[in-house]
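*Asks:* Mind docking chain B on chain A? Use the hints.
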Amino acid sequence: MNTIRDRRERGAAVLRRFSRSTTMTLLCVVLTGYLALGVASSGAFLEGPSIRTFLRYLATPVLIGLAQMVALCVGQLNLAVGALGGFTACLMGVLMADQGVPAGVAVAAGVLAATAIGLVTGLCIVATKINGFIVTLGTMTILQGAQYWLVGTRTVDGYSAGLKDLGRAAPLNVPLVFVTALAAAALLAAFLYRGTAGRRLLAAGGNPLAARLSGISTDRQIVLAHTLSGLLIGVAALTATASLPGVNRSVGGDWLLPSFAAPIIGGVALTGGSVAVLGTVLAAFVMRLIDAARAQFSLDPSWVNFLIGVVVLGTVVGGRIHQTHLEKRGGSRGRVPPAPPPNDPRPTAVLPHPGGSG
Amino acid sequence: MTMPVLPPGTDTGPAGATPPRPVHRLPFWVNQRLGLLVLVIGLSALFGVLQPAFLDARLVLFPLVRDVSTLTVVALAQMVVLSVGHMNLAVGRMAAFGALFAGFGYDRLDLPLPLGLLLCLLAGAAIGALTGWIITRTGVSSFVVTLAMDFALLGLVSLLYSALTENAAFTSRPSGLAELRSYSLADICVGPVCGSPVIPQLAQFTVLALVGLGFLYARTRIGRELLLTGANPAAAELSGIPTGRRLILAHTLSGLLAALAGFMAAVGTGTFRASIGDDFMLPSFLGSVLGGTLLTGGVVSVLGALLGTSLVGVIRKGLDLLGVGLESLNIYLGCVLLLALSADRVRTVVAHRKVVRST
Chain A
1 MNTIRDRRER GAAVLRRFSR STTMTLLCVV LTGYLALGVA SSGAFLEGPS IRTFLRYLAT
61 PVLIGLAQMV ALCVGQLNLA VGALGGFTAC LMGVLMADQG VPAGVAVAAG VLAATAIGLV
121 TGLCIVATKI NGFIVTLGTM TILQGAQYWL VGTRTVDGYS AGLKDLGRAA PLNVPLVFVT
181 ALAAAALLAA FLYRGTAGRR LLAAGGNPLA ARLSGISTDR QIVLAHTLSG LLIGVAALTA
241 TASLPGVNRS VGGDWLLPSF AAPIIGGVAL TGGSVAVLGT VLAAFVMRLI DAARAQFSLD
301 PSWVNFLIGV VVLGTVVGGR IHQTHLEKRG GSRGRVPPAP PPNDPRPTAV LPHPGGSG
Chain B
1 MTMPVLPPGT DTGPAGATPP RPVHRLPFWV NQRLGLLVLV IGLSALFGVL QPAFLDARLV
61 LFPLVRDVST LTVVALAQMV VLSVGHMNLA VGRMAAFGAL FAGFGYDRLD LPLPLGLLLC
121 LLAGAAIGAL TGWIITRTGV SSFVVTLAMD FALLGLVSLL YSALTENAAF TSRPSGLAEL
181 RSYSLADICV GPVCGSPVIP QLAQFTVLAL VGLGFLYART RIGRELLLTG ANPAAAELSG
241 IPTGRRLILA HTLSGLLAAL AGFMAAVGTG TFRASIGDDF MLPSFLGSVL GGTLLTGGVV
301 SVLGALLGTS LVGVIRKGLD LLGVGLESLN IYLGCVLLLA LSADRVRTVV AHRKVVRST
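So the sequences go chain by chain: A and B.
For the record, in the first sequence the residue sitting at position 264 is 264 according to UniProt numbering, with numbers rising by one throughout.
For the record, in the second sequence the residue sitting at position 210 is 210 according to UniProt numbering, with numbers rising by one throughout.
Please keep in mind that the hints were generated in silico from the structure rather than gathered at the bench.
Don't be surprised by glycine CBs; every beta carbon is placed ideally from N, CA and C.
Far from chain A, by Cβ distances over 10 Å, these chain B residues were calculated:
1) PRO114
2) ALA126
3) GLY244
Label pairs and their computed distance ranges (CB to CB):
4) ALA183(A) with THR296(B): 38 to 48 Å
5) SER250(A) with SER162(B): 14 to 24 Å
6) THR32(A) with SER275(B): 32 to 42 Å
7) ASP254(A) with THR296(B): 28 to 38 Å
8) PRO114(B) with THR32(A): 47 to 57 Å
9) PRO301(A) with GLY325(B): 22 to 32 Å
10) ILE321(A) with SER275(B): 28 to 38 Å
11) LEU299(A) with ASP279(B): 19 to 29 Å
12) SER196(B) with ILE321(A): 51 to 61 Å
Computed footprint of chain A on chain B, listed as stretches where at least three residues anywhere in the stretch have a Cβ under 8 Å from a Cβ of chain A:
13) 140-150
14) 334-341
For reference, chain B alone in the conformation it holds in the complex:
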């Protein structure tokens, strides 16, 4: 695949400097994120009323927020590839792959906590870049390539764990890991003011990822180019965007975020083992798609990924506390996914008709 390497003429200017206001804006209640926010708050309140234990900071909310932080990063990993119109089915396995390197670093190389995290991120980015490279070089659909990558990593990670460890898990913990796992903002005090006991320290990585991606997509040229590549690859190619490189970048970022999520999941459970990321695929799509990211590419919502994941997390936890069996939760979650998307579709169609009628 040949791609023009020359940057487009300077006369185009930074994209999105002065966004032209759309003439007919859709009504505000079509905003998916607002609906999600209302749903998350409303459902939390409802569960809090039905089951007061839901608002227990230490036993319920703290683990809930920790899970949501991890799964938000997973959803972001999926969102980045969705933004270029691709998919990453290997998101869970890339997480396991990254966590394997972190565990290896701590166990064998006696690395300190930050260096192990760095190694983990590098490994994730490398495997993501390899995936992206295969996709761009062969031109085969990302679905197939990441599916095959999922197979290959599923086998490889288990093989490496059984080759490197006795009981298929790295258990040695560097100093600081236990603190990272159980400390919340309440343990950080500036003078007499302490943070909330609900927000875990692990959430710092999520905030970093959210801010970083938000900046990338909203403010930088590369972010715009990623979106254009997803919306219309041919047009992007013709307007001088190196689409191949942007695709590889998207997959690299996805691998990196997946590895970060793997690290967070490993810290959350305390051990580095092969089963990390087994159940990442569904939440990755749930979070990003509920948040308003389109599967066809070109539209992302960074904040939506957080809100979508929170909604799923709240529903899961709330139903669990109300005594719904942990596994039959899946029935409800699937229904929620389908209903939410159907409702969204209805809303868009109705709003569109209104706008059309008013013109």
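Pulled out of the complex, with its shape left as it was, chain A reads as follows:
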């Protein structure tokens, strides 16, 4: 039986833990940054049209960050994020504009194709036992070629007006593409935190040997992770196609680095076994803020890359310093609290809520 007092105490503990997590820091950074931008632009940034533009171009970074995160959580990498996204976007555009396929069918075909390519990549990694890094490097090259083969040097923009309208639609200043991205994130979070399949995925990433011994096929998890990654990239390509004025060979060219930056800033360990859906979404927010600030102060676009690089390096170094600090403090108290192991790859944000039914 839970008394109200008990519940309140537990709630306070959860809150306290949350206040120290990466997610909370990111949330503060996002809010402060947004307000600061609003003040700097003397309020123009807080008005409807600005918010709409801000959120519309946030959808794709969120989705590609999540796609990379799913691959990272089983200890894999997906270098083909940008190439697959660009290829899928071009495929949808060409199907609609050149072949006259109705928008719904083309979109479904594109998303299915992306999922299938993810599946094939996963199967390839498992079957040949070649490092996933090299396999996705290969698929990246192939897909870049395929994208060029589809569109060449032209820009395909004569596709369905309905899809473009949907991309531009923003009831209450919240663009539909952004809602799509958030919905995908919510579904992914439910899958990873609440579903058995998601728990298996994390187990296989966290400790493959232990997972195998407890009857989880790591091979199957790797295939599943790459398939999911492909599906998310397909959705990202859909949002890109809907919100961009047209698709050409440069779509997806600059997705690779942000796709890694979002999960890393969001607190996902590259060694696998950890996910942070909210952290990844917020990290994409931070990067979009940097981009918006760049546009606001009309700086050189190179500043964005430079700043994102510095932020990632800062996150990495800061996280390490924080951990060392914690260890030292734990040690000086005479090791009364069970100090975390020195190389604990799982940040706190990873652990599911206690009491989650598996």
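*Replies:* Positioned in the frame of chain A, the structure of chain B alone reads:
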């Protein structure tokens, strides 16, 4: 991270002085480098037969060898970090960073050609050392750190170019640069004997890098220690190797080689600009991994990097001459990478089974 600074006891002796012969050697056809050499020669002959223009010394082979020389250095830059089990995703950006300093030296400081090259190499080594230092001090995976470094340098180099120059490129050329670019061995004559017109003079840097790294890995103690650090960091640490310093050394060397490649690419195109090294990442992995260097560390093949890069170069050039569109080449290159590695895997498994059966 604490590391023992004392050298191991003298009784260990120089590593590899008398290598014990393995009892069961794998059959010779498993040798990846031999396969690569056969492939390179066979494909060159095939392309030569299909398209006689392929064997044109001045228009095709000379630029091909020049590109291969540059990309071999890029592959070597990647190989050095792979040897300790790390990665360098910023290899292209480090090349751009080095080339920026060379261009700056020529344009603003009026340095002669060798001094500019020296400045370029120093800059590359410095940025590589910084990367290595961050990795060892924080213990974060090299993938993340070099990825972030890639971001940071991508921005920084463009910013510096737009701040220092009018049209984002250093165009002033010191004396000797044009010669370095277009001269081949045919321009060096000892008496009546002249060199081949196919080998560019730029290749001297590649040869130097190959010989230097070959010596480092095959003959020196530091090279052995690098490999051991890559194969098993814990064992290396326990046997008294300062693994931290070896990691920094590997990244410094990688930065230095990347900067050299950047310089060579800049000489090849004639201008020093920010886009140098944009397309270095794929060839760096292609060359080194096709050549037999393991991603997990501990195994390198210096000659393999040259052969792997040559194979990619020959395929690219040959398909280009046969009329395959320049960009859809990527489809074939990706397939080649995957097929070559799958074939290699099959070969190893088959050979291993044979050896096991024969015992």
